[in-house]
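Protein chains: 2
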Amino acid sequence: MSVDKYEKIVDLALRRGFFWPSYEIYGGVSGLYDLGPLGALMKEYIRNLWIEYFVLKHQDMVVMIETPMITPEIVFKASGHLESFTDPIVTCSKCGRVYRADHLVEDVLKVKAEGLSLDELKELIESKNVRCPACGGELSDLRAFNLLFQTNIGPYKQNVAYLRPEAAQGMFTSFKRTYTCMRASLPLGIAQTGRVARNEISPRQGMIRLREFTIMEVEFFFDPEEPGEPNYSRFKGKLKILTAECRRKDCREPIVVDPEEAVKERIVLNPWLAYWMLVAQAFVKELGVNEDEVVFEEKLPEERAHYSKQTFDQLVKISRWGWVEVSGHAYRTDYDLSRHMTYSGQDLTVFKEFPEPKEVTVKKVVVDKAIIGKLFKEKASEVINAVIYADVLKIEEALKNKSNEVVVGGYSIPSEAIKIVEVRERVSGRKFIPHVVEPSFGAERLVLVALDKAYVEEADRTYLKLPPKIAPYKLAVFPLVTREPLVSLARKIYRDCVEAKLTVIYDESGSIGRRYARADEIGVPFAVTVDYQSVEDSTVTIRLRDTKEQFRIKADEVVGWVRKQLERL
Amino acid sequence: MSVDKYEKIVDLALRRGFFWPSYEIYGGVSGLYDLGPLGALMKEYIRNLWIEYFVLKHQDMVVMIETPMITPEIVFKASGHLESFTDPIVTCSKCGRVYRADHLVEDVLKVKAEGLSLDELKELIESKNVRCPACGGELSDLRAFNLLFQTNIGPYKQNVAYLRPEAAQGMFTSFKRTYTCMRASLPLGIAQTGRVARNEISPRQGMIRLREFTIMEVEFFFDPEEPGEPNYSRFKGKLKILTAECRRKDCREPIVVDPEEAVKERIVLNPWLAYWMLVAQAFVKELGVNEDEVVFEEKLPEERAHYSKQTFDQLVKISRWGWVEVSGHAYRTDYDLSRHMTYSGQDLTVFKEFPEPKEVTVKKVVVDKAIIGKLFKEKASEVINAVIYADVLKIEEALKNKSNEVVVGGYSIPSEAIKIVEVRERVSGRKFIPHVVEPSFGAERLVLVALDKAYVEEADRTYLKLPPKIAPYKLAVFPLVTREPLVSLARKIYRDCVEAKLTVIYDESGSIGRRYARADEIGVPFAVTVDYQSVEDSTVTIRLRDTKEQFRIKADEVVGWVRKQLERL
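Chains A and B are the protein sequences, given in the same order. According to this note's numbering, the first sequence is numbered sequentially starting from 584. According to this note's numbering, the second sequence is numbered sequentially starting from 584.
Some hints here could point you the wrong way.
Note: identical chains are not told apart, hence a pair may lie in one copy or across any two.
[What the hints assert, rightly or not] Listed below are the simulated DSSO-like cross-link pairs for lysine-lysine, each with C-alpha atoms no more than 27 Å apart in a straight line: (1) K640 / K819; (2) K1075 / K640; (3) K1131 / K941; (4) K1084 / K821; (5) K847 / K882; (6) K1137 / K1147; (7) K819 / K868; (8) K1084 / K1048; (9) K677 / K740; (10) K1084 / K819; (11) K935 / K977; (12) K983 / K947; (13) K1084 / K868; (14) K1052 / K640; (15) K640 / K1084; (16) K705 / K740; (17) K640 / K1137; (18) K1075 / K819; (19) K591 / K759.
Hints are computed from structural coordinates only; laboratory data are not their basis.
All chains, full assembly: derive it from the sequences and hints.
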């Protein structure tokens, strides 16, 4: 049944124009999909809702920016993506086919293999004699494949660049500029929607796993020592959380907890992470997903991205694919800003003034530049930056633990080159690197999830019970018969709606029943029919999609009525 | 003066957050810019207006879709971009610097060089001994550099792909699917907004020449034999056109002509091209550009893209850069669809039923597959497709003109392999390839143009007279002093506006004059001040940005009043 439903949705999507594989006339490219006329409108409305929830409702602390997809190499060196954003691949030495190694091992050996190291995968493939499923050839060249799409900027080969796999780095590299423009106050959220690209090895999950999609992301910067109190009460509801601890024990029973409580009990590591999870849940509810259909799954350490200290995925169950992630919530700490400080040599800290200046003892790192220079040569300044911007306490700790060298920003530095000194200083405030939590959505997947939740088959009809706010068309206008003055009257209502910037369908072909059916099938929430009575008393029939209920209103009140419904529902 | 103004705008943009160079902390990348918080909102509103003008107002015949940036190689082979989307470059054999050859020749020799062939450029460089301006080295390796950003899809090196330089090919490759979903009627416009990338050799014009930007484009498909009559009267105004003929004579005096007239007199080659130019002009007017500041410049044949039969650029004059293109209007004919038919082997024609079936004599091309097979081997089916889908009349013409071979779709085919026969057929309709006109905008450039038009310096203040519809913030709310109950009252108005999805600023720091100045500088059209009288009679002061006019309205009418202004202005 559930497989059937998915296939019916895909068929509907192709036939009526929600989505379809890109470049179909050339056989398509797996992982690339177009949004058709209906899907593009739905995505537009979903994106508007996202902006409403994540930006407009929070405009006292969240702003939107837009940064390019094309990103110079240094940014992903700094962010760690060049090193860590990889999947293991293995090549058949006979036919040349390339497989994602962990998935292949899982398919063939029926064991869990995600997160295994290259060595562990190699050992498994060799010991169990896993071979190419297509030709039986021997597998070789097991290696990490970087999922960044690579390109070059300008005519110089050495100017390597990548397409961003997340919008986040644009917000980090422009954090200081944005922060300054926004009059230097924290917390500050920087939001962005835009395309990202991930060079998946062989995506085979339709609209679920795309090589290019629209991300909707907030990087929310706050003072880790005084994060501030989110106003949880603006969004009602509790969080259903499946903790990592629980998952380790193979339990699938989530706990239901008040977000504030979840922070107090250290289930969620900081208040803003919990707050944005609550907002994310409220937003998803607007797409037709109820709270009780949602669960926040905490990722296990080996499942987390390299930059995250704690991650929750908001999961929703849909047909065919089961539980799918609709949003990711990562506590990125100061990881990204610290790394960009090291790699750029720019000071990305913020300064918070004390009410009164204080006389304090501060610890400082003193670096022996001569030693560093001799040892690291052209990299010396990078290393010095790394040390200067690193957390003094962490370095002190490291010096205590290990006698001869300290690792800072990935560099092993001999202990003799680093000294910690205490100085008395009159300071007027505190300098620190903000911490970050990130709620992140994929827009196209939300289109699919909303369609899945909306698809209803009844004995006599199929319809999409899409929430009016995200329905591609808000109204359908029908003259009962194709005769004057009915047609003119209907066309006038149509034009009024167009003038009011509503998306609206005008349809005069076929029986009225068939026209209702066509509109139902694509989720048009309201229909207006102009009939003979309309000519007499200037009223028209409104018909509601979900209940088939019908009633009459004044023809010149149609626009206002629809607008009111859209604000209400 | 005009240079100054531009610099002031750039300074304002950086300081307040309209735009700034991307990846600044790493020294930036030329041709890549971020939109900051204010610019991103402005772009959002400009894009909304574009959607209103090009999609919503025309929703009976225009739909929107969304297709990926990443595009497989075959698409750009078919579209001609692999061959033709190039600029000439030349490399210094001493220092390795790469230059755009025509620009270098223009700079050094002070002659017009755009559009010259590689041979002509080579001849000029050699005969005039043009050398590297940086080091004086000899220039070598003059060649065509393709402006497509190249990448690979998946782990196979042979899966070459490119980032789209225009959205158009997504609409062409998905034309048939979209046309079918939209119940197979013409004319049909397919609109798209999204990022595109052009690997410019060394862009040095700030926000004017970007390597990645947001395109807003319509491909408008129509029957070339019965294009239909656009409703010109929906958009008032005449077109100011600088024809190619006139430009050849070095004349800069445009003619002013009614769009319908322009079509009749064959100044504009078809009605839809003229119609969308009219819409484009009306849209640009909403950004604060008057009709009399706009001119449509017809491109000379050597300036036109390879796919265009006639092109007009809508130009607007701004400070520093002079006349800049804000939209391009190309008559792409059936070029793209024909090419995709040839390369994909798919039938992309549409069928138009006659009122009655007819008995007609039709000419058909008969291909000798044996000859083609022997001659073209693995390319044979491509060649056969090219012939079958080509215009019979054109082939007949070619056969008449040249005795031994005919060129179809770029292939030279011996005449003996092609025969034209006449057959009597009962046909129920006509099959044809739709023609296309394309209006195309760059969103980021419009942000700059609107800022340029809005920037006003008066004796005592600087402000942006941005049209309220595209102003980043619609309202500023100030308590006269930071005291209760003024603050609470002001905050309530702020919250009401947020609830109504208006972008709004709350500001309580500094004198009221300074707050007005800060809001003026970023073009906030309306400000509300809560003062002591507000406590007594629940009225507040509205202050208009452009006139500094002030008047009082009821506090609880602020939201409604602002909304009304936004619909009106």
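Each hint tested on the structure:
no.	hint	verdict
1	K640 / K819	within (15 Å within a copy, 38 Å between copies)
2	K1075 / K640	between (36 Å within a copy, 14 Å between copies)
3	K1131 / K941	neither (71 Å within a copy, 45 Å between copies)
4	K1084 / K821	between (37 Å within a copy, 26 Å between copies)
5	K847 / K882	within (20 Å within a copy, 67 Å between copies)
6	K1137 / K1147	both (15 Å within a copy, 24 Å between copies)
7	K819 / K868	within (11 Å within a copy, 44 Å between copies)
8	K1084 / K1048	both (22 Å within a copy, 25 Å between copies)
9	K677 / K740	between (32 Å within a copy, 17 Å between copies)
10	K1084 / K819	between (32 Å within a copy, 20 Å between copies)
11	K935 / K977	within (21 Å within a copy, 75 Å between copies)
12	K983 / K947	within (16 Å within a copy, 88 Å between copies)
13	K1084 / K868	both (25 Å within a copy, 19 Å between copies)
14	K1052 / K640	both (17 Å within a copy, 20 Å between copies)
15	K640 / K1084	both (23 Å within a copy, 7 Å between copies)
16	K705 / K740	between (34 Å within a copy, 23 Å between copies)
17	K640 / K1137	between (34 Å within a copy, 24 Å between copies)
18	K1075 / K819	between (42 Å within a copy, 21 Å between copies)
19	K591 / K759	between (49 Å within a copy, 22 Å between copies)
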